[in-house]
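Student: If you read the sequences in order, they're chains A, B and C.
Note that the numbering used here has the first sequence beginning at 10, numbered continuously upward.
Note that the numbering used here has the second sequence beginning at 125, numbered continuously upward.
Note that the numbering used here has the third sequence beginning at 269, numbered continuously upward.
Do not take every clue at face value.
Unchecked claim - Now the in silico label distances, taken between C-beta atoms and shown as ranges:
{"#": "1", "chain 1": "C", "residue 1": "Ile270", "chain 2": "A", "residue 2": "Ser131", "range": "45 to 51 Å"}
{"#": "2", "chain 1": "C", "residue 1": "Ile270", "chain 2": "A", "residue 2": "His252", "range": "27 to 33 Å"}
{"#": "3", "chain 1": "A", "residue 1": "Arg433", "chain 2": "B", "residue 2": "Gly232", "range": "56 to 62 Å"}
{"#": "4", "chain 1": "B", "residue 1": "Glu207", "chain 2": "C", "residue 2": "Asp503", "range": "55 to 61 Å"}
{"#": "5", "chain 1": "C", "residue 1": "Gln456", "chain 2": "B", "residue 2": "Pro135", "range": "29 to 35 Å"}
{"#": "6", "chain 1": "A", "residue 1": "Ala136", "chain 2": "C", "residue 2": "Gln456", "range": "22 to 28 Å"}
{"#": "7", "chain 1": "A", "residue 1": "Lys249", "chain 2": "B", "residue 2": "Lys136", "range": "50 to 56 Å"}
{"#": "8", "chain 1": "A", "residue 1": "Pro481", "chain 2": "C", "residue 2": "Gln456", "range": "35 to 41 Å"}
{"#": "9", "chain 1": "A", "residue 1": "Pro139", "chain 2": "C", "residue 2": "Ile270", "range": "46 to 52 Å"}
{"#": "10", "chain 1": "B", "residue 1": "Gln216", "chain 2": "C", "residue 2": "Lys424", "range": "40 to 46 Å"}
{"#": "11", "chain 1": "B", "residue 1": "Ala185", "chain 2": "A", "residue 2": "His252", "range": "43 to 49 Å"}
{"#": "12", "chain 1": "C", "residue 1": "Lys424", "chain 2": "A", "residue 2": "Arg433", "range": "48 to 54 Å"}
{"#": "13", "chain 1": "C", "residue 1": "Lys581", "chain 2": "A", "residue 2": "His252", "range": "34 to 40 Å"}
To be verified - Sample of chain A residues lacking proximity to chain C, with all beta carbon distances greater than 10 Å (derived):
{"#": "14", "residue": "Ile320"}
{"#": "15", "residue": "Met462"}
{"#": "16", "residue": "Lys487"}
If you're looking for bench data, these hints aren't it; they were derived computationally from the structure.
By construction, the Cβ of each residue, glycine as well, lies at the ideal position given by its N, Cα and C atoms.
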Amino acid sequence: MDAYDIVVIGGGVVGVSIARELSRYKLRIALLEKEEELAFGVSKANSGIIHPGTQNPPHSLKGGLCVLGNRLTKKVCKMLGVEFKEVGELIVAFSEQEIERLISLKKEAEMLGVPRLEIVNSEWLRANEPNLSKDAVAALFAPTAGVVSPYRLVYALSENAVQNGVEIHTQTLVQDIVPLAAHGSNGKGRFEISTSKGIFKTEYLVNAAGLFADEIAKMAGIDDFKIRPRKGQEFLLDKKREHLTNHVIFPLPSKTSKGILIIKTSDGNPMIGPTAQDIDDKNDLSTSEDGLKEVFASAQKMIPSINRNDIIAYFAGLRPTAGDDFIIRHEEKVPGFVNVAGIQSPGLSSAAAIAIFVSELLKKNGLSMERKLIFHRSEPKHTHLFTLPLKRIKKLIKGDASYGDIVCRCEMVSAKEVRDAIKRGARTLDGIKFRTRAQAGRCHGSFCTTRLMKILGEETKKAATAITKRGPGSEIVKQDRNDTR
Amino acid sequence: MTRKIRCIDCPKGCSLSVDIENGKVVGVNGNECPKGEKHAIAEVENPVRVLTSAVLSHGLALKMIPVRTDGPVPKTAQKKAMEEIKRIRINQPVRVGTVIAGNFLGLGINLIATRDCEA
Amino acid sequence: MIHDRDLVIVGAGPAGMAAAIAAHESGVKDILLLERDQYLGGILNQCIHTGFGIEYFKEILTGPEYADRFINQIRKIPEIEVSLKSFVVHLTKDKILTFIKPGIIEEVRAKAIIMATGCREKTREMIHIGGTRPAGIFSAGLAQKLINIEGLLPGKKVIVVGSGDIGLIMARRFVLEGAQVEAVVEIQSQTQGLLRNVVQCIEDFDIPIYFKHKISRIYGKDRVEKVGIVRVDDDFNEISGSGTEIECDTVLISAGLIPENELIEMAGVEIDKKRNTPASDELNKTSIPGLFVCGNSFKVYDIVDSVSRDSAKAGRLAAEYLKALK
Numbered sequence: 010m011d012a013y014d015i016v017v018i019g020g021g022v023v024g025v026s027i028a029r030e031l032s033r034y035k036l037r038i039a040l041l042e043k044e045e046e047l048a049f050g051v052s053k054a055n056s057g058i059i060h061p062g063t064q065n066p067p068h069s070l071k072g073g074l075c076v077l078g079n080r081l082t083k084k085v086c087k088m089l090g091v092e093f094k095e096v097g098e099l100i101v102a103f104s105e106q107e108i109e110r111l112i113s114l115k116k117e118a119e120m121l122g123v124p125r126l127e128i129v130n131s132e133w134l135r136a137n138e139p140n141l142s143k144d145a146v147a148a149l150f151a152p153t154a155g156v157v158s159p160y161r162l163v164y165a166l167s168e169n170a171v172q173n174g175v176e177i178h179t180q181t182l183v184q185d186i187v188p189l190a191a192h193g194s195n196g197k198g199r200f201e202i203s204t205s206k207g208i209f210k211t212e213y214l215v216n217a218a219g220l221f222a223d224e225i226a227k228m229a230g231i232d233d234f235k236i237r238p239r240k241g242q243e244f245l246l247d248k249k250r251e252h253l254t255n256h257v258i259f260p261l262p263s264k265t266s267k268g269i270l271i272i273k274t275s276d277g278n279p280m281i282g283p284t285a286q287d288i289d290d291k292n293d294l295s296t297s298e299d300g301l302k303e304v305f306a307s308a309q310k311m312i313p314s315i316n317r318n319d320i321i322a323y324f325a326g327l328r329p330t331a332g333d334d335f336i337i338r339h340e341e342k343v344p345g346f347v348n349v350a351g352i353q354s355p356g357l358s359s360a361a362a363i364a365i366f367v368s369e370l371l372k373k374n375g376l377s378m379e380r381k382l383i384f385h386r387s388e389p390k391h392t393h394l395f396t397l398p399l400k401r402i403k404k405l406i407k408g409d410a411s412y413g414d415i416v417c418r419c420e421m422v423s424a425k426e427v428r429d430a431i432k433r434g435a436r437t438l439d440g441i442k443f444r445t446r447a448q449a450g451r452c453h454g455s456f457c458t459t460r461l462m463k464i465l466g467e468e469t470k471k472a473a474t475a476i477t478k479r480g481p482g483s484e485i486v487k488q489d490r491n492d493t494r
Numbered sequence: 125m126t127r128k129i130r131c132i133d134c135p136k137g138c139s140l141s142v143d144i145e146n147g148k149v150v151g152v153n154g155n156e157c158p159k160g161e162k163h164a165i166a167e168v169e170n171p172v173r174v175l176t177s178a179v180l181s182h183g184l185a186l187k188m189i190p191v192r193t194d195g196p197v198p199k200t201a202q203k204k205a206m207e208e209i210k211r212i213r214i215n216q217p218v219r220v221g222t223v224i225a226g227n228f229l230g231l232g233i234n235l236i237a238t239r240d241c242e243a
Numbered sequence: 269m270i271h272d273r274d275l276v277i278v279g280a281g282p283a284g285m286a287a288a289i290a291a292h293e294s295g296v297k298d299i300l301l302l303e304r305d306q307y308l309g310g311i312l313n314q315c316i317h318t319g320f321g322i323e324y325f326k327e328i329l330t331g332p333e334y335a336d337r338f339i340n341q342i343r344k345i346p347e348i349e350v351s352l353k354s355f356v357v358h359l360t361k362d363k364i365l366t367f368i369k370p371g372i373i374e375e376v377r378a379k380a381i382i383m384a385t386g387c388r389e390k391t392r393e394m395i396h397i398g399g400t401r402p403a404g405i406f407s408a409g410l411a412q413k414l415i416n417i418e419g420l421l422p423g424k425k426v427i428v429v430g431s432g433d434i435g436l437i438m439a440r441r442f443v444l445e446g447a448q449v450e451a452v453v454e455i456q457s458q459t460q461g462l463l464r465n466v467v468q469c470i471e472d473f474d475i476p477i478y479f480k481h482k483i484s485r486i487y488g489k490d491r492v493e494k495v496g497i498v499r500v501d502d503d504f505n506e507i508s509g510s511g512t513e514i515e516c517d518t519v520l521i522s523a524g525l526i527p528e529n530e531l532i533e534m535a536g537v538e539i540d541k542k543r544n545t546p547a548s549d550e551l552n553k554t555s556i557p558g559l560f561v562c563g564n565s566f567k568v569y570d571i572v573d574s575v576s577r578d579s580a581k582a583g584r585l586a587a588e589y590l591k592a593l594k
């Protein structure tokens, strides 16, 4: 039985950010994730926007963390070699009354400390956002908004965390938590965590379990909040429409959501969405024709030239809501237990700030935190062929021939990149897709799936029948001729 | 007994109405040419198909080598033929037309490779 | 360093091979034939069923046999240089083309280019099927490759969406491999495939075809578990109350093909957005002189014999163009 200083439950962007932040200190840390790979829960469906901090109530926890998180994420991305495109956002008004609301949004955001906000007029919009509807009269411009690839951020953070000593346990489902508070904090082991991969003992426990944070909290004896999934359906457009907009475009927000956006993505494909629908089933990731109609109609109102034929992919994600704000607190009733729950939008933007917030919370509650002499900062930047100029590609191919072996033709991904992704931890076809974009283009893997299965099989010594889309139960094929004798 | 059969000898695709007694065709209606009658008799009295599939190789450049029968196989023998095809392993290079199994299933036809495969 | 070439042909499937042979016959002596796969023949290699060559060779051949006839001809022509595993990444309006292959990146300035890049299949997303996104959803062509090339059976209980020829042929292929095909679902009121395929692939095996139906939803968390199917009216709208569900572990999408013309679009060729083909009044020609497109990337053909016939014409057009330059 292993004993840790800290166990973090949940391998999404929040859990991984916390584990990495804590790895600066002389602590023994484990992160537990129930899925086969990290970022396979809430994080994988994130739209990738690093919000500047607009559209949050002035005194909210999430508002403050978002503004700080925006700044920190930029730094973290730079340090880890994750692309951060500071594209800026526009919240668009279509009438004089809506301009009034822009002004009050601007005031609220400035109270939170969002920098360099500006109300821009229709001439500015024509010049800087030519595809925007001619009906737009003004917009709130927040230049600090950016976009990242949410999963590539998670993977870079986790690799850095592992470099600094964090143990990551995937396919490790937490089944029960026994607080042993009676034993006092003498030595390691205030909590005993039973999982599908055995028992973990730890002094401090951080619950970053996303959609399942309420269930984890309940196991530890905290039963005062409930996670409601709020479904968002997103629709991805062909990369040919990369320059559809120059900024992330928002309508004015409603009570429950920021509305249907036109999103620039790190990979170039514009995205439209998300819907916002409160549901009960934490596994319901279905999309619907109604969702498409709703998103498409709203998107077209802002960008009239959007065409249904441009849609190449769609998916749904679930925001783990617990009321209006984040719940981040040390539970006095269960000393050593920290809940990080209800991290809905702007969760990705806030994650870096949440990590520091949690680290301070732990310190305040008795965790002894001594900095390591060396915190490994740099990670080699992972190459994505499709983003490079030809000259660079030439150099890479000279250095390693397999950069010239193209596997995914739609997104131009080489065998070398796929093998690298597997070496860095990809274990499934989705894991390869998230890291490299192979299968994420217009043919949806029709051409490259067989090749990817072969490479994954070779690298992980798995039979073709054991290759999965996203973990056990999602095997791609049912039978190998070799096995039918 | 009357059976509806569609003639597939040409793209016209005549709908044939075929009268059958004791497994034999006694009358064909609806055909626009004599091919229809021949087709109906063949389909009722001894329906056959050319079978295509792929067989496993061992240690060759291709994992699967595509094959076909070089003559028609009775429809009733297709299942047995597939079972046999799944049993075959090829470990020598083949050319298009190489006989994989001579007198396949004793039917007087051969199973042949339809693609070159090197070692 | 840029290499100069008279004619570069991109794609060595039936179209590219026919174009190369015809261009050579018409006097072109410097031809570079680029193929991204490690074999010549393109998609024909996985089309192991018969039905090819009836017009062109007056024989009934399988796909690999049909390809073999052209491969043998190409091998005998020293003026056609074949480059395999070669992937074109860039094309300009001045016909400068960049391709990469393992260990090599090369720029070529061509006097003439013939693009024979074929098609991709419509995806589940393009026909807007709602529901979840589990494993078990395949394009018919991917399933064909898995079974015929890789020897892997994608599923045991299959629904085929669309009654085009690839879908029908794959339905039979699944049955012969020991799987159960639960249904073919076709949104139109009649089949989209050839009659002989309807008879020999579907009726032979008593597979039900649902006309004027569509898949309304895919269910399943990790693997496909079932689909909802529903009747549609003449405008393809769902008829409420007509839905039923069918258990299955695999959904095969055979809903049509889209010509692959992203490279010529990059070069600035005028594109017919609806069909994703070059906007053109004349067979194989594009808005850029000396840049030709043939085969399924010019328009989607029903049978390969017509591809070979029309692509040979592209080879001759390129030869004429090159002669006129001199």
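Student: It remains to establish, for every hint, whether it holds in the given structure.
Tutor: Against the structure, the hints come out as follows:
no.: 1; hint: C/Ile270 x A/Ser131: 45 to 51 Å; verdict: holds (47 Å)
no.: 2; hint: C/Ile270 x A/His252: 27 to 33 Å; verdict: holds (29 Å)
no.: 3; hint: A/Arg433 x B/Gly232: 56 to 62 Å; verdict: holds (58 Å)
no.: 4; hint: B/Glu207 x C/Asp503: 55 to 61 Å; verdict: violated (47 Å)
no.: 5; hint: C/Gln456 x B/Pro135: 29 to 35 Å; verdict: violated (18 Å)
no.: 6; hint: A/Ala136 x C/Gln456: 22 to 28 Å; verdict: violated (48 Å)
no.: 7; hint: A/Lys249 x B/Lys136: 50 to 56 Å; verdict: violated (43 Å)
no.: 8; hint: A/Pro481 x C/Gln456: 35 to 41 Å; verdict: holds (39 Å)
no.: 9; hint: A/Pro139 x C/Ile270: 46 to 52 Å; verdict: violated (36 Å)
no.: 10; hint: B/Gln216 x C/Lys424: 40 to 46 Å; verdict: violated (33 Å)
no.: 11; hint: B/Ala185 x A/His252: 43 to 49 Å; verdict: holds (44 Å)
no.: 12; hint: C/Lys424 x A/Arg433: 48 to 54 Å; verdict: violated (34 Å)
no.: 13; hint: C/Lys581 x A/His252: 34 to 40 Å; verdict: holds (37 Å)
no.: 14; hint: Ile320; verdict: violated (7 Å)
no.: 15; hint: Met462; verdict: violated (8 Å)
no.: 16; hint: Lys487; verdict: violated (5 Å)
The structure fails to meet hints 4, 5, 6, 7, 9, 10, 12, 14, 15 and 16 from the earlier list, while all remaining hints are met.
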